[in-house]
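The listed protein sequences correspond, in order, to chains A and B. Using UniProt numbering, you'd call the opening residue of the first sequence number 1 and step up by one each time. Using UniProt numbering, you'd call the opening residue of the second sequence number 1 and step up by one each time.
Accuracy of the hints is not assured; some may be wrong.
Some but not every residue of chain B turned toward chain A, in silico, with C-beta under 8 Å [stated by the list, open to error]:
1) R40
2) Q43
3) L52
4) N65
5) D91
6) F169
7) L176
8) F177
9) F297
10) L305
In silico lysine-lysine, DSSO-like type, Cα no more than 30 Å apart, as pairs [what the hints assert, rightly or not]:
11) A:K227 with B:K227
12) A:K227 with A:K80
13) A:K70 with A:K80
14) A:K294 with B:K323
15) B:K104 with B:K88
16) A:K24 with B:K138
17) A:K201 with B:K137
18) A:K80 with B:K104
19) A:K110 with B:K323
20) A:K24 with B:K137
21) B:K227 with A:K24
22) B:K289 with B:K77
23) A:K110 with A:K201
24) B:K104 with B:K289
25) A:K110 with A:K294
26) B:K138 with A:K294
27) B:K227 with B:K138
28) A:K227 with A:K70
29) B:K77 with B:K227
30) B:K138 with A:K201
31) B:K137 with A:K294
32) B:K77 with A:K227
Please keep in mind that the hints were generated in silico from the structure rather than gathered at the bench. Since this is a predicted model, take the numbers as computed values, not measurements. Glycine is no exception: its CB is placed at the ideal position from the N, C-alpha and C atoms.
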Amino acid sequence: MTRGAGDTTIAETRGDRIFLVGIKVMLWIALIVVAVPLIYIVANSFSSASAVSAGRVLLWPVEPSIRAYKEAFSDPLIMKGYLNSFIYAIGGTLISVTLTIAIAYPLSRKTFFGRNLIMSALVFTMLFSGGLIPTYLVVQNLGMLNTRWAMVIPSAIGVWQVIIARTFFRSTIPDELYEAATIDGASDLRFLWSIVLPLSKPVIAVIALMYAIYQWNSYFDALVYLKDPSLYPLQIVLRNVLILNSGTGSTTTTSLAQQLEQQQLANVLKYALIVISSLPVLVIYPFVARHFTKGVMVGAVKG
Amino acid sequence: MSGTIEVSPAPPAPVREPVRSPARIQRPGRWTEARRSFRRHWQLYLLILVPLAYFVIFKYIPISNAVIAFKDYSPVKGPWGSDWVGFKNFDLFFHNPVFWTLLKNTFILAVYLVLASFPIPIVLAIALNEIRQGAFKKTVQLVTYAPYFISTVVVVSMTLLVLSPRLGFVNDAIGLFGIPQVDFLGDPNYFRHIYVWSDVWQTTGYSAVIYLAALSGIDPALHESAKIDGASRLQRIRNVDLPGIMPTAVIILVLGVGNIMSIGFEKAFLLQNPLNQSQSEIIATYVYKTGLLNADFSMATAVGLFNSVLNLFLLVAVNFVAKRITGNGLWS
Chain A
1 MTRGAGDTTI AETRGDRIFL VGIKVMLWIA LIVVAVPLIY IVANSFSSAS
51 AVSAGRVLLW PVEPSIRAYK EAFSDPLIMK GYLNSFIYAI GGTLISVTLT
101 IAIAYPLSRK TFFGRNLIMS ALVFTMLFSG GLIPTYLVVQ NLGMLNTRWA
151 MVIPSAIGVW QVIIARTFFR STIPDELYEA ATIDGASDLR FLWSIVLPLS
201 KPVIAVIALM YAIYQWNSYF DALVYLKDPS LYPLQIVLRN VLILNSGTGS
251 TTTTSLAQQL EQQQLANVLK YALIVISSLP VLVIYPFVAR HFTKGVMVGA
301 VKG
Chain B
1 MSGTIEVSPA PPAPVREPVR SPARIQRPGR WTEARRSFRR HWQLYLLILV
51 PLAYFVIFKY IPISNAVIAF KDYSPVKGPW GSDWVGFKNF DLFFHNPVFW
101 TLLKNTFILA VYLVLASFPI PIVLAIALNE IRQGAFKKTV QLVTYAPYFI
151 STVVVVSMTL LVLSPRLGFV NDAIGLFGIP QVDFLGDPNY FRHIYVWSDV
201 WQTTGYSAVI YLAALSGIDP ALHESAKIDG ASRLQRIRNV DLPGIMPTAV
251 IILVLGVGNI MSIGFEKAFL LQNPLNQSQS EIIATYVYKT GLLNADFSMA
301 TAVGLFNSVL NLFLLVAVNF VAKRITGNGL WS
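Let the sequences and hints guide you as you build the complete structure.
Below you can see the structure in the form of structure tokens.
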């Protein structure tokens, strides 16, 4: 017990050193397995159409070209999808964060009557749901089908995010602060606005990012609720081009050579589209990863 | 606990509040407490109204709408006005030859997914925990975490491209060993493996973070004393780390099993094609097709409800077993 810092100098045994090498090998394998497909996609997206069609690209661009990107960025359907996705991501996040705080903060106050009952009612919705069709009927009755609202309202609040925010409020805003503010004449809303929110920037950032990424990546709501192609988010456009192979439908070609070229271009286009659509998320990713980790941990502590 | 009004046995409240019965003063009843809370926090109750309305409208009304599973739904009459048909929809579904295929496909896929995606993040977290803080550790974490942020549509299309018979590098790679090209997506027997392992690829790094958090919560003194007692790395993992993350692991497992029957519609639907349908048609995709493509609302709701109930039942059962065995569970 009194050894203090000295005990970390205990020599590693040979077995331990071999074990450590084994662990490092394993981590290298994990790294490679995850990274290779990502690199492969990027390398292909920057290669020439003929190299991609011949399957000559592995981890480095062959005959570098940005033709596919030019093509993608000049496609009106894709750009419209991009724009729509931004609208849904920004609007949806604003709505979601506001509503989440509006429910998480009251539930974090010990003197809020019925908070346990409400919390149980929320958690119950994580375990049991009416299902696809009953929810669809609600959206239909509200007249939201085929409107932008259908993308942001039915999925506005995530129970997980409420739990994260509530845990944060409860563990970082001391009761004494509230008492003091009340004595100074602050109302609940005033206290929330001028004291709680400024102190809660980290958790607000975390849940905002969670919602934004969810919105950016979601396609199911659009598949179910939207019919008008001008409202489609990027993910639906991607699905049509990448998985259903229906192309962007803007080209009519005549000669066989042209058709072949179109076909080849369609192949590279897929890789470029994957990169383009993931770009916004991957650009902010290194900056947010740390905060995200914090959010996951808060959630894990109090499940 | 600074002596707030609620806690003190003789509240100064009577000054503001007319006394009705002496018993009330002794111990404020629930309604007194509620009234006091309303008066004190009326702004918060106002604030919570809109989000509560959200849950009622988009979560609880759909649960009540599920009544159409027992009805012959007519859009004109609405969910509650439609005619009752009892268990007819369920009966039809259970006697439909597709029932067993759906149940089997969903169940096998889900169990396979849980079994594969449960241990791997634990192994990754423990391995990361064993190496020193440094660039390598940071890189592994950053890279393995990244796929989680990519959308399902993109992950599926990446899978399709990488596995594609003529162009994908997987076929190139196995070609080097003299194995002939395989049309992975065209063969139903590969569907489950593709589904599960692409999921593991996407989520392992993210799930590992939870275990890393749990590992960092283990008292370092335990490791130190184990070291002094001459425990090897492996022994310390087995006797210190694993018991330390056990509660977290149980919760993750229970949640995983609880979701067993509701596994991703999104991915199954995207990976599906007419060739692999014999194994890729699961309850969720069937509900979508029956309900929204064929507009048979009542039948689709019945199938979905069957799924939800099965889900809840599994969750409760597994939680019960987990509590019995490990003492940890989702709820007490």
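Hint-by-hint comparison with the structure:
Interface restraint check for R40 of chain B: the shortest CB-CB distance to chain A comes to about 7 Å, inside 8 Å, so the restraint holds. Given hint, Q43 of chain B at the interface with chain A, holds; its Cβ is 4 Å from that chain's nearest Cβ, closer than 8 Å. Taking 8 Å as the C-beta contact cut-off toward chain A, the hint placing L52 of chain B at the interface holds, the least distance being around 7 Å. For N65 of chain B, the suggested interface contact is upheld, since its CB lies about 3 Å from the closest CB of chain A, less than 8 Å.
With a least beta-carbon distance of about 18 Å to chain A, the hint placing D91 of chain B at the interface is violated under the 8 Å criterion. For F169 of chain B, the suggested interface contact is upheld, since its CB lies about 6 Å from the closest CB of chain A, less than 8 Å. The interface hint given for L176 of chain B is violated, since its Cβ lies 12 Å from the closest Cβ of chain A, which is over the 8 Å cut-off. Because the beta carbon of F177 of chain B sits about 16 Å from the nearest beta carbon in chain A, more than 8 Å, this interface hint is broken.
With a cut of 8 Å, the hint placing F297 of chain B at the interface with chain A holds, because the nearest CB-to-CB distance is about 5 Å. With a least beta-carbon distance of about 6 Å to chain A, the hint placing L305 of chain B at the interface is held under the 8 Å criterion. With a CA separation close to 64 Å, the supplied pair K227 of chain A and K227 of chain B exceeds the 30 Å bound. Taken as a hint, the K227 of chain A and K80 of chain A pair is honoured in the structure, with Cα atoms around 15 Å apart against an allowance of 30 Å.
Under the criterion of a C-alpha separation no larger than 30 Å, the hint pairing K70 of chain A with K80 of chain A is consistent with the structure, at around 15 Å. Distance restraint check for K294 of chain A and K323 of chain B: the Cα-Cα separation of roughly 28 Å lies within the 30 Å cut-off, and the hinted pair is therefore satisfied. At roughly 22 Å between alpha-carbon atoms, K104 of chain B and K88 of chain B fall within 30 Å of each other, so this suggested pair holds. Taking the CA atoms of K24 of chain A and K138 of chain B, the gap is about 13 Å. The hint holds against a cut of 30 Å.
Proximity of K201 of chain A to K137 of chain B is assessed by CA-CA distance (about 28 Å); at most 30 Å being required, the pair is judged to hold. The straight-line distance between the Cα atoms of K80 of chain A and K104 of chain B is roughly 41 Å, outside the 30 Å bound, and the hint therefore fails. With a C-alpha separation of about 29 Å, the suggested pairing of K110 of chain A with K323 of chain B holds against the 30 Å cut-off. For the suggested pair K24 of chain A and K137 of chain B, the alpha carbons sit about 10 Å apart, so the restraint of at most 30 Å is met.
Between K227 of chain B and K24 of chain A, the direct Cα distance comes to roughly 21 Å. Compliance with the 30 Å bound is thereby established for this hinted pair. Among the hinted pairs, K289 of chain B with K77 of chain B is consistent with the structure: their alpha-carbon atoms are about 23 Å apart, no more than 30 Å. The suggested pairing of K110 of chain A with K201 of chain A holds, with an alpha-carbon distance near 22 Å, which does not exceed 30 Å. Annotation: proposed proximity of K104 of chain B to K289 of chain B holds, straight-line Cα distance about 18 Å (limit 30 Å).
Distance hint between K110 of chain A and K294 of chain A is fulfilled; the C-alpha atoms sit about 24 Å from each other, no more than 30 Å. Annotation: proposed proximity of K138 of chain B to K294 of chain A holds, straight-line Cα distance about 16 Å (limit 30 Å). This hinted pair checks out: K227 of chain B and K138 of chain B have alpha carbons roughly 26 Å apart, not beyond 30 Å. Restraint check: the Cα-Cα separation between K227 of chain A and K70 of chain A comes to about 28 Å, which is no more than 30 Å; the hinted pair holds.
The straight-line distance between the Cα atoms of K77 of chain B and K227 of chain B is roughly 72 Å, outside the 30 Å bound, and the hint therefore fails. With a CA separation close to 25 Å, the supplied pair K138 of chain B and K201 of chain A stays within the 30 Å bound. Under the criterion of a C-alpha separation no larger than 30 Å, the hint pairing K137 of chain B with K294 of chain A is consistent with the structure, at around 18 Å. The hinted pair formed by K77 of chain B and K227 of chain A meets the criterion: a straight-line CA distance of about 25 Å does not exceed 30 Å.
Of the numbered hints given earlier, the model fails hints 5, 7, 8, 11, 18 and 29; all others are met.
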